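S.K.: Starting from the given sequences, assemble the full structure and let the hints guide the process.
Now for the letters of each chain:
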Amino acid sequence: MKEERQENHESPEVLCRRVKAGNEASFSLLVRLFQKKVFLLALSILRNREDALDVVQETFMKVYQNLNSFEEERNFENWLLRIAKNVAIDHYRRQRSKGRSDQEALPLESVELSLAAAKENPRKTEMKQLIEAVLDDLAERQRLVFVLRHFQGFSYEEVASTLGIAVGTVKSLHFKALERLKSLVGQRLATRSYP
Amino acid sequence: MKKSCSFGRRWLIPYFLGEADREVSEQMAAHLKACQHCRQELALLEAIAQTSDEIKQDLEAEAERVDWEDLARNIEKSLGETTARPAVIKPFLRRQFPGRWQWATAGIAIGLVLGVVISFFLLRPRSGLIKEGPPYQVSASFLEKVDEEMARQAVLNYLEKSRQILVALRQSTEESEELPEPLFSPPSPEIIKDLLLRKKYFTPQLASFRLAKAQAILEEVDGLLLELALIQDKASREEAMKLAQLIEERRLLLKIQLLKQELEESEETT
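Which chain is which? The protein sequence lines are A and B, in order.
For the first sequence, my numbering gives the first residue as 138, with consecutive numbering after it.
For the second sequence, my numbering gives the first residue as 612, with consecutive numbering after it.
Heads up, a few of these hints could be off.
Unchecked claim - As a list, the in silico BS3-like pairs of lysine-lysine whose alpha-carbon atoms are at most 30 Å apart:
id, chain 1, residue 1, chain 2, residue 2
1, A, K319, B, K667
2, A, K313, B, K644
3, B, K667, A, K199
4, B, K853, B, K804
5, B, K871, B, K804
6, B, K772, B, K853
7, A, K319, B, K644
8, A, K173, A, K235
9, A, K157, A, K174
10, A, K174, B, K667
11, B, K688, A, K157
12, A, K173, A, K199
13, A, K199, B, K688
14, B, K772, B, K756
15, A, K173, B, K667
16, A, K235, A, K313
17, B, K871, B, K772
18, A, K174, A, K313
19, B, K866, B, K853
20, B, K688, A, K173
21, B, K667, A, K313
22, A, K157, A, K173
23, B, K667, A, K235
24, B, K804, B, K756
25, A, K174, A, K308
26, B, K667, A, K308
27, A, K308, B, K644
28, B, K871, B, K756
29, B, K688, A, K174
What the hints assert, rightly or not - Pulled from the structure, derived: some chain B residues nowhere near chain A, Cβ distances all over 12 Å:
id, residue
30, A640
31, C646
32, A715
33, T716
34, F731
35, D758
36, E771
37, K772
38, A779
39, Q782
40, K804
No lab work stands behind these hints, which were simulated from the structure alone.
Predicted model only: the values in this text are computed from it and were never measured.
Ideal Cβ placement from N, Cα and C applies to all residues, glycine included.
M.R.: So, in structure tokens, the structure goes:
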């Protein structure tokens with residue numbers, strides 16, 4: 138990402154200013170700079186490739202429409218990821234309220250990982266599925282913090298700015314998320330080991 | 612094996628995340644050697660972290676399979692299909708109070724406005740607190756009575772001043788019978804003119820309020836006053852006697868007295 142930015146030689150904030158001034162090509166540069174990051178964020182939350190691609194598209198539409206309200210002294214990336222997070226959460230909530238069938242909402246790895254890989258190491262796949270499943274049992278903010286921290290590799294500060302909460306709150310939510318995951322995974326493993 | 616461990620429950624996760632201080636880390640390392648439950652919990656945390664890393668790698672692998680150029684083109688196409696970017700009007704506060712202190716500035720401004728509004732309601736005249744009722748109205752009969760009363764007062768005033776002049780004139784003739792010239796000095800023409808002018812304005816009211824008797828008497832007085840106004844400086848004995856005789860013949864002082872009495876009595880009854 139940094140390399141791409143260096144190629145463009147312009148900060149996102151400068152590109153924003155240009156878009157505001159009517160230079161539509163600069164918006165294309167912004168899309169190319171950040172689409173992967175937005176996709177990964179959406180994919181972490183939704184664990185569904187098509188939904189994540191929809192989120193990328195919707196996010197950039199929103200960014201484009203609301204660009205005039207963006208203040209240049211703010212960090213564009215934080216602003217963009219916050220919008221992406223909100224769009225992804227909306228999708229996630231809609232998914233849950235619609236009660237998508239398991240077939241439609243298969244965890245990412247069960248869709249994407251080749252069957253061969255699963256056959257090679259079934260225990261590994263099982264653990265991933267287990268974590269994917271119990272993540273849905275976490276409170277929404279705990280789940281978001283865990284996903285951003287572990288699947289995105291965000292620092293506490295990055296998580297805080299993306300979610301718009303204090304760093305201390307992020308640490309507290311992360312602690313609770315780990316505690317709950319540990320407990321849920323332990324329970325499920327115990328049930329499977331001793332049916 | 613213990614089912615739970617209070618020390619592990621408090622410190623295992625910070626230890627695992629590397630966020631515990633050195634002393635706690637050393638205690639936890641020693642504790643783990645002795646506590647099988649905490650060892651299992653730690654193994655679970657490590658498995659979760661390791662699996663999360665693998666999921667992260669899967670996500671990145673998934674991202675590599677996306678045709679980014681195609682996605683960017685789709686986004687641009689969607690943007691092209693939408694209407695032009697709306698010219699967002701800055702919110703009122705941002706327009707009025709630019710800069711990073713806008714909320715503080717806006718707060719002060721709102722405080723001032725509230726202060727003015729509250730002060731207005733607290734300090735406004737008490738009449739303003741009276742519940743608004745129907746508009747103030749006065750009946751026509753009441754206004755008529757007020758006019759009548761004012762006319763009566765004006766007539767009484769006129770009569771009293773005229774009486775004083777006439778009495779002075781008569782007394783001067785009585786006192787000056789032995790003297791070669793009367794001592795009576797008529798009031799200045801300005802005083803008489805002022806009196807007549809006042810009467811001019813309340814005469815229509817006298818007609819309206821059926822004070823015809825008063826009007827007749829006042830006209831007689833007027834005649835005398837007009838004559839007095841014509842006398843320069845001092846009245847001659849002859850002039851003074853003539854006027855005194857007129858007052859006597861017409862019983863003006865008596866009429867004035869009776870009229871005054873009548874008006875004063877009617878004032879008391881109203």
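S.K.: Run through the hints listed earlier and report the numbers of any the structure violates, in increasing order.
M.R.: Nothing - there is no hint that the structure violates, so all of them hold.
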